[in-house]
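Visitor: Protein chains in written order, with the numbering used here: chain A, 1 to 319; chain B, 1 to 319.
Be a bit skeptical, because a hint or two may be false.
Unchecked claim - Pulled a few chain B residues facing chain A out of the computed Cβ check, cut under 7 Å:
1) V31
2) L34
3) K35
4) L36
5) V201
6) L205
7) M207
8) G209
9) M228
10) L264
11) F265
12) Q296
13) D301
14) S304
Calculated from the structure, these hints are not laboratory results. Note that the Cβ used here is the ideal one computed from N, Cα and C, for glycine as well.
Protein chains: 2
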Amino acid sequence: MSDYAAQALRGSKLAGAKLIRFLEDDDPRGVEGLKLLFPHTGRAYILGITGPAGAGKSTLIDRVVSVLRTRKLKVGVIAIDPSSPFSGGAVLGDRIRMQRHAGDEGVFVRSMATRGRLGGLARTTNETALVLDAMGYEVIVVETVGVGQDELEIAELAHTTAVICVPGLGDDIQAIKAGILEIGEVFAVNKADQAGADETVTQLLGMLGMRGHTERGWRPPVIKTCAMKDEGLVAFVDACMAHRKYLSESGRLKQRVLARDLHLFKELVKQMVYEKIFATPSAGGEELRTLMEDVQLRKIDPRSAAEQAVRGIHCGTMP
Amino acid sequence: MSDYAAQALRGSKLAGAKLIRFLEDDDPRGVEGLKLLFPHTGRAYILGITGPAGAGKSTLIDRVVSVLRTRKLKVGVIAIDPSSPFSGGAVLGDRIRMQRHAGDEGVFVRSMATRGRLGGLARTTNETALVLDAMGYEVIVVETVGVGQDELEIAELAHTTAVICVPGLGDDIQAIKAGILEIGEVFAVNKADQAGADETVTQLLGMLGMRGHTERGWRPPVIKTCAMKDEGLVAFVDACMAHRKYLSESGRLKQRVLARDLHLFKELVKQMVYEKIFATPSAGGEELRTLMEDVQLRKIDPRSAAEQAVRGIHCGTMP
Numbered sequence: 001m002s003d004y005a006a007q008a009l010r011g012s013k014l015a016g017a018k019l020i021r022f023l024e025d026d027d028p029r030g031v032e033g034l035k036l037l038f039p040h041t042g043r044a045y046i047l048g049i050t051g052p053a054g055a056g057k058s059t060l061i062d063r064v065v066s067v068l069r070t071r072k073l074k075v076g077v078i079a080i081d082p083s084s085p086f087s088g089g090a091v092l093g094d095r096i097r098m099q100r101h102a103g104d105e106g107v108f109v110r111s112m113a114t115r116g117r118l119g120g121l122a123r124t125t126n127e128t129a130l131v132l133d134a135m136g137y138e139v140i141v142v143e144t145v146g147v148g149q150d151e152l153e154i155a156e157l158a159h160t161t162a163v164i165c166v167p168g169l170g171d172d173i174q175a176i177k178a179g180i181l182e183i184g185e186v187f188a189v190n191k192a193d194q195a196g197a198d199e200t201v202t203q204l205l206g207m208l209g210m211r212g213h214t215e216r217g218w219r220p221p222v223i224k225t226c227a228m229k230d231e232g233l234v235a236f237v238d239a240c241m242a243h244r245k246y247l248s249e250s251g252r253l254k255q256r257v258l259a260r261d262l263h264l265f266k267e268l269v270k271q272m273v274y275e276k277i278f279a280t281p282s283a284g285g286e287e288l289r290t291l292m293e294d295v296q297l298r299k300i301d302p303r304s305a306a307e308q309a310v311r312g313i314h315c316g317t318m319p
Numbered sequence: 001m002s003d004y005a006a007q008a009l010r011g012s013k014l015a016g017a018k019l020i021r022f023l024e025d026d027d028p029r030g031v032e033g034l035k036l037l038f039p040h041t042g043r044a045y046i047l048g049i050t051g052p053a054g055a056g057k058s059t060l061i062d063r064v065v066s067v068l069r070t071r072k073l074k075v076g077v078i079a080i081d082p083s084s085p086f087s088g089g090a091v092l093g094d095r096i097r098m099q100r101h102a103g104d105e106g107v108f109v110r111s112m113a114t115r116g117r118l119g120g121l122a123r124t125t126n127e128t129a130l131v132l133d134a135m136g137y138e139v140i141v142v143e144t145v146g147v148g149q150d151e152l153e154i155a156e157l158a159h160t161t162a163v164i165c166v167p168g169l170g171d172d173i174q175a176i177k178a179g180i181l182e183i184g185e186v187f188a189v190n191k192a193d194q195a196g197a198d199e200t201v202t203q204l205l206g207m208l209g210m211r212g213h214t215e216r217g218w219r220p221p222v223i224k225t226c227a228m229k230d231e232g233l234v235a236f237v238d239a240c241m242a243h244r245k246y247l248s249e250s251g252r253l254k255q256r257v258l259a260r261d262l263h264l265f266k267e268l269v270k271q272m273v274y275e276k277i278f279a280t281p282s283a284g285g286e287e288l289r290t291l292m293e294d295v296q297l298r299k300i301d302p303r304s305a306a307e308q309a310v311r312g313i314h315c316g317t318m319p
């Protein structure tokens, strides 16, 4: 058995971190370890926390971790940084913020960036969550920023998606544009000591009332919090846990896990098949090469060229 | 010749909008039209404008359009809305904002959302830009929000990426996290009538000085603007045009167009091959079906399953 996997299962953060890095880097030791860890997954509760920059997500998460620790729950935190196309790296911000939990054996913080060849943030986040799950972290908090395609996929990974707003949000058409209303299952109005907090709660409740997509049996609650002053966090955590209970009792929790696994499988197949085709000049054949040249000469538009290329590519099991 | 394409080439906005819709919806009339339009593309200058929510991008773009119109340039605007996973639609915000240009024959505004089966926002934005280009729009302004993977791909589509900041940004670690510094070729500090504008300019210049990625021969300028008061917009447009000149004279403009077309081609091939594999149960073969079932039963982790599946799939030209 892989040493790293065995050590991670016994709780070694160092071994867990190594495995996560291998998975990010597409080092074969990563998938080897994941195979061994996988039977131990499926137990963790994954809480996604999202919201606009400046809403105070990191401070709130820091306090949420404290609340969960007082309940003796082991907590993993996955902080998503938008990848920089140049540095490719996560910055230190989240690690700095989370430092007061650094000495706590029951907390594991990991910053992510898009890495590796096999797809983006959603894949690495998913696999990191699996590793933390196997290591016995009972709640995994995933922090995302913004509402890009990556974030929507990560929202699908979470069992509960909590959206953090701030007072004044309701006035701004950006709030509606952001599309975050639709994905939230629990809402927090953070910085609730600022003017307009109650109005924002009212506006949110109003907008949520109009939302046609509320799952039957669950009405998203709106909680006032002030993370800096340590206020409202217990109510917020309770609201998330209530949603978990709802999912579990309605059978939706299991559904979500299975849908997520299948989605990840298909995405990986897509990427790997793509690489097979373009990996060697011969794989795609003469026609593919010619078409790529034609695209480069602007003789043909990319979509028409792709349609022609795919007609010529045979895909299926070996005869 | 497709009626829509012919009419679009003669400048019909209605026909252009139809073609864009067909491309979004993967209606075959879209790609048919694109094929006819493609020889007429490659002339437009594509200006990407990005920055955090609340930076005043939409107002700034509205004013930029006015400046470009006084220069007798035809302008297309593509406003990206983060897609809502539920509504799938763009909201009206940008259209409302841009209404004062609505009666101007030389301005075409289009709001986008992720649509269609063939990939996300980057693909539809790219193809929409091609349609506008063929229709004779000389400058195409692409507005994005946030810095997700989609936005980075859209930044690659643009010839110049302008980043809109606001005073106070420099104090915030979010600014660095956001990763937008690396992609900017022109910077605007908007709302420059607010306190701290000069400090923000200084901080930005300092951070840009540290940035190791400045292309040789181009130093990103930082322009103070106040879009609401119509100040600084001429200088901003001039800075963008100077970057265009730099790209064109250094040969980088052509490079970017070609790299973009090839990237789009490969992405489309990836998506189409994927669909071929999963479209019919027989395409992927018995093994693929079994693996999908095993994933659903959580007998195997998604990555190991994908690796096994791809080993069994033959991809290449028909013998």
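Visitor: Next step is simple, just say for each hint if it's right about the structure.
Guide: Taking the hints in turn, this is what the structure says about them:
A hinted interface residue such as V31 of chain B counts as satisfied when its beta carbon comes closer than 7 Å to some beta carbon of chain A; here the least separation is about 5 Å, so the hint holds. Because the smallest distance between the Cβ of L34 of chain B and any Cβ of chain A comes to about 5 Å, under 7 Å, the interface hint for this residue holds. About 5 Å separates the beta-carbon of K35 of chain B from the nearest beta-carbon of chain A, less than 7 Å, and the hint is met. Taking 7 Å as the C-beta contact cut-off toward chain A, the hint placing L36 of chain B at the interface is violated, the least distance being around 9 Å.
Proximity of V201 of chain B to chain A is violated relative to the hint, the smallest CB-CB distance being about 20 Å (cut-off 7 Å). Violation of the interface hint for L205 of chain B is found here, the shortest Cβ-Cβ separation to chain A being roughly 18 Å, above the 7 Å cut-off. Checking M207 of chain B against chain A: minimum C-beta separation of about 13 Å lies over 7 Å; hint violated. The beta carbon of G209 of chain B comes no nearer than 15 Å to any beta carbon in chain A, farther than 7 Å, and the hint placing it at the interface is violated.
A distance limit of 7 Å between C-beta atoms decides the matter here; for M228 of chain B the minimum to chain A is near 15 Å, and the interface restraint is violated. Annotation: L264 of chain B was flagged as interfacial toward chain A, and the flag holds, the nearest CB pair being 4 Å apart, inside 7 Å. Below 7 Å, beta-carbon pairs count as interface contacts, and F265 of chain B has one with chain A at about 4 Å; its hint therefore holds. Interface hint status for Q296 of chain B: upheld, as the beta-carbon distance to the closest one in chain A is roughly 5 Å, under 7 Å.
Interface restraint check for D301 of chain B: the shortest CB-CB distance to chain A comes to about 4 Å, inside 7 Å, so the restraint holds. Interface hint status for S304 of chain B: upheld, as the beta-carbon distance to the closest one in chain A is roughly 5 Å, under 7 Å.
Consistency note: the structure conflicts with the earlier hints numbered 4, 5, 6, 7, 8 and 9.
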